[in-house]
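Each protein sequence line maps, in turn, to chains W and G.
Using full-length UniProt numbering, the letters of the first sequence map in sequence onto residues 1 to 297.
Using full-length UniProt numbering, the letters of the second sequence map in sequence onto residues 1 to 364.
Simulated from the structure, these hints should not be mistaken for laboratory data.
Heads up, the beta-carbon is just placed ideally off N, CA and C, and yes, glycines get one too.
One or more of the hints may lead you astray.
Cβ-Cβ distance ranges computed for the label pairs, FRET-style [said to hold, decoys possible]:
#, chain 1, residue 1, chain 2, residue 2, range
1, W, Val44, G, Arg87, 38 to 44 Å
2, G, Arg300, W, Ala185, 54 to 60 Å
3, G, Gly347, W, Leu112, 44 to 50 Å
4, W, Glu181, G, Gln278, 46 to 52 Å
5, W, Ala185, G, Ala328, 55 to 61 Å
6, W, Leu112, G, Arg315, 18 to 24 Å
7, W, Gly38, G, Gln125, 45 to 51 Å
8, G, Gln136, W, Arg203, 45 to 51 Å
If we take Cβ atoms under 8 Å as the criterion, some of the chain W residues that face chain G in the derived model are [what the hints assert, rightly or not]:
#, residue
9, Val27
10, Leu57
11, Ala186
12, Glu189
13, Thr193
14, Leu194
15, Gly195
16, Thr200
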Amino acid sequence: MATDQTFPLDPPRPRALPVPPPIGETVVARWTLVAIAGLFLALVLVLPIAGVFTEGLRKGIWAYFKSFGDPDALASIQLTLLVAVISVPANLVFGVAASWAITKFDFPGKSLLITLIDLPFSVSPVVSGLVFVLLFGAQGLFGPFLAAHGLKVIFAVPGLVLATIFVTFPFVARELIPLMEAQGAADEEAALTLGASGWTIFRRVTLPNIKWGLLYGVLLCNARAMGEFGAVSVVSGHIRGLTNTMPLQVEILYNEYDFVGAFAMASILAGLALITLVLKTFLEWRFGDELAANRRH
Amino acid sequence: MEIRIRDLAKDFGDFPALFGVDLDIRSGELLALLGPSGSGKTTLLRILAGLEAPTWGRVFFGDEDASATSVRERRVGFVFQHYALFRHMTVADNIAFGLTVRPKAERPSRAEIARRVQELLDLVQLPDLARRYPSQLSGGQRQRVALARALAVEPRVLFLDEPFGALDAQVRKDLRKWLREIHDRTGYTTVFVTHDQDEALELADRVVVLNKGRIEQIGTPDEIYDAPASPFVFDFIGDASRIPVTVEHGGVVVDGRRLALPVEVLGQGAATLYVRPQHWTIGAPDAPGALAATVAGTRRHGVSRRLDTTLGDGRAVEIDVPPETRVAAGDRLSLLPTRWRLFFADGAAAAVAPVRDPGRVAAS
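All chains, full assembly: derive it from the sequences and hints.
As structure tokens, then:
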């Protein structure tokens, strides 16, 4: 039989076969993983935070706000703010100076400094507090000197500030060092060849380059400074209305079965954490490419 | 601005990045520092700019000893490999930076700065991009802005570190030509670093070839290409075939056969003959006093055809011939170099006598 020479001009295309996604997990496996993660988050994060607010509001909105009227509660809020206002700028200056020194210069002891900056992350906060008691306490190294000059560090505001600075000082430096390392020194060198002085270079070139990273570090530093419990607890002495910060006040109220008061105070800390989270997310979303944290993750 | 470098050395820890560097940079010339990575070329440039301090030696700007002066005092323009534009400033602010950071007494008025910025934007052919940010520019445009920024402070000398290193081939070619034009128009003494031999040979008035922290050769592009001073320069610049030979009684001997060269070679012993692909004459097979070669393959190579040939000992020799030459794999040829350099094992170039246009012979 003669072959028919007509061919269809547009032969039907073979239908694409459903190809499993290259990562290989089945739909069931993926949804199971998502569900486990979601459940876990709900259990250890969402539920407790919701619990804080419901416990605080258990006796109504009036009791909730009334608990802040207590002078000791007010004093603890003021003290927390005071400690943060001193220690955060201190760590900002230290963090910028340390990152600048580490990333732009070579000097003896550089790697030691890098290691030391991480120390507060690896040491238990309680130990951090104890160190200051050993240094400045009545029986401590500088105790007699301080007593002789009528200065009080431990069980007073200076001790709280010192312990907070110690615990929070990695935050700014840890954020800036990788960022400034990635940026290198070329911008500063360019400014130098164009005749700018050191301060002008910092103000007009370096600072604008690191501002979002710096803000991010300050944000985390502040959150930790306000929320720190362990180190502060050791040096505080728990003097009501004088050396109790908010986290310490929460513990005291809780131990006295003043649940509304404790949870109301805790809700402020939780609220602060939520605000921090929102700001942090915003910074990461808007300026992600200028944050070292995003490159690390 | 004339720059003199005397006995310069730089160590990074135990690693000697530069040593024994002597160089005179002439006023108004366009000089290339050429070398492979790690040859010390960028270090040399940074020392000249004052961004790096030498371990030893001196740098003179004119008659002034610049060794002890800071970057700011040297008043140099420096263009960085990755531009180093300030990303939070507009193009105009970038270019104006060097003027705006001056102390109040020396700072030009705002109108004067704006006028100068526009002038420079015109010079680098980006007149309409003043309000853009660096991230909105292409690589080539960024490089132009970086150059305008460096020129804004009216530097005494202009340094460029791998100015076209991060750009693609076509942009590179255009910018090369453009940089030459800018140089000719402004007359700045310009030193640039490159690892690209074509760039150095095409663009520069003089080329300094660096290797492992030492200067191998200083010369015009013609001198560097036609008369490489060392085996390194021969290998690094252009293509060359290397043929191991023995020098005996003034003659060059390959495979026991003395080449019919019209000169007498001074010295004795094992040496290497360097010949560029275009410096061969081809003769009929088994010509006396010539190398015997077999064609292994041919390929098109730019305007000419390149023959891959092998000598008796299997060593490869590349030869450029006009593309219409009829050769095929398997053909046997005889080869004689028209232009060549002979280096003894210690790297010394062999001298020839009588001294009459060394290396050049009438086609045999």
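### Task
So, Ala186 of chain W near chain G? Judge it on the closest CB pair being under 8 Å.
holds, 4 Å
### Task
State, for the Cβ atoms of Gly347 of chain G and Leu112 of chain W, whether the hinted interval 44 to 50 Å holds or is violated.
holds, 46 Å
### Query
Given Leu57 of chain W as an interface hint, is the shortest Cβ-Cβ distance to chain G below 8 Å?
The hint is violated - Leu57 of chain W has no Cβ within 8 Å of chain G, the shortest such distance being about 46 Å.
### Hint status (Cβ of Val27 of chain W to nearest Cβ of chain G, threshold 8 Å)
violated, 41 Å
### Task
Answer holds if the nearest beta-carbon of chain G is closer than 8 Å to that of Gly195 of chain W; otherwise answer violated.
The hint holds - Gly195 of chain W has a Cβ within 8 Å of chain G, the shortest such distance being about 5 Å.
### Message
Min Cβ distance, Thr200 of chain W to chain G: is it shorter than 8 Å?
### Response
Nearest chain G Cβ about 5 Å off; hint holds.
### Query
Was the hint right that Leu194 of chain W lines chain G, CB cutoff 8 Å?
holds, 4 Å
### Task
With 18 to 24 Å as the target window, see if Leu112 of chain W and Arg315 of chain G comply at their CB atoms.
violated, 56 Å
### Message
Against the range 54 to 60 Å, how does the distance between the Cβ atoms of Arg300 of chain G and Ala185 of chain W compare: consistent or not?
### Response
violated, 46 Å
### Query
Is it true that Gln136 of chain G and Arg203 of chain W lie within 45 to 51 Å of each other by Cβ?
Since Gln136 of chain G and Arg203 of chain W have Cβ atoms about 25 Å apart, the given range 45 to 51 Å is violated.
### Query
Could one say that the CB atoms of Gly38 of chain W and Gln125 of chain G fall in the range 45 to 51 Å?
violated, 57 Å
#### Entry: Range hint 46 to 52 Å (beta carbons of Glu181 of chain W and Gln278 of chain G) holds or violated
Between Glu181 of chain W and Gln278 of chain G, where Cβ atoms are some 49 Å apart, the hint holds.
In this structure, the earlier hints numbered 2, 6, 7, 8, 9, 10 are contradicted, and the remaining ones agree with it.
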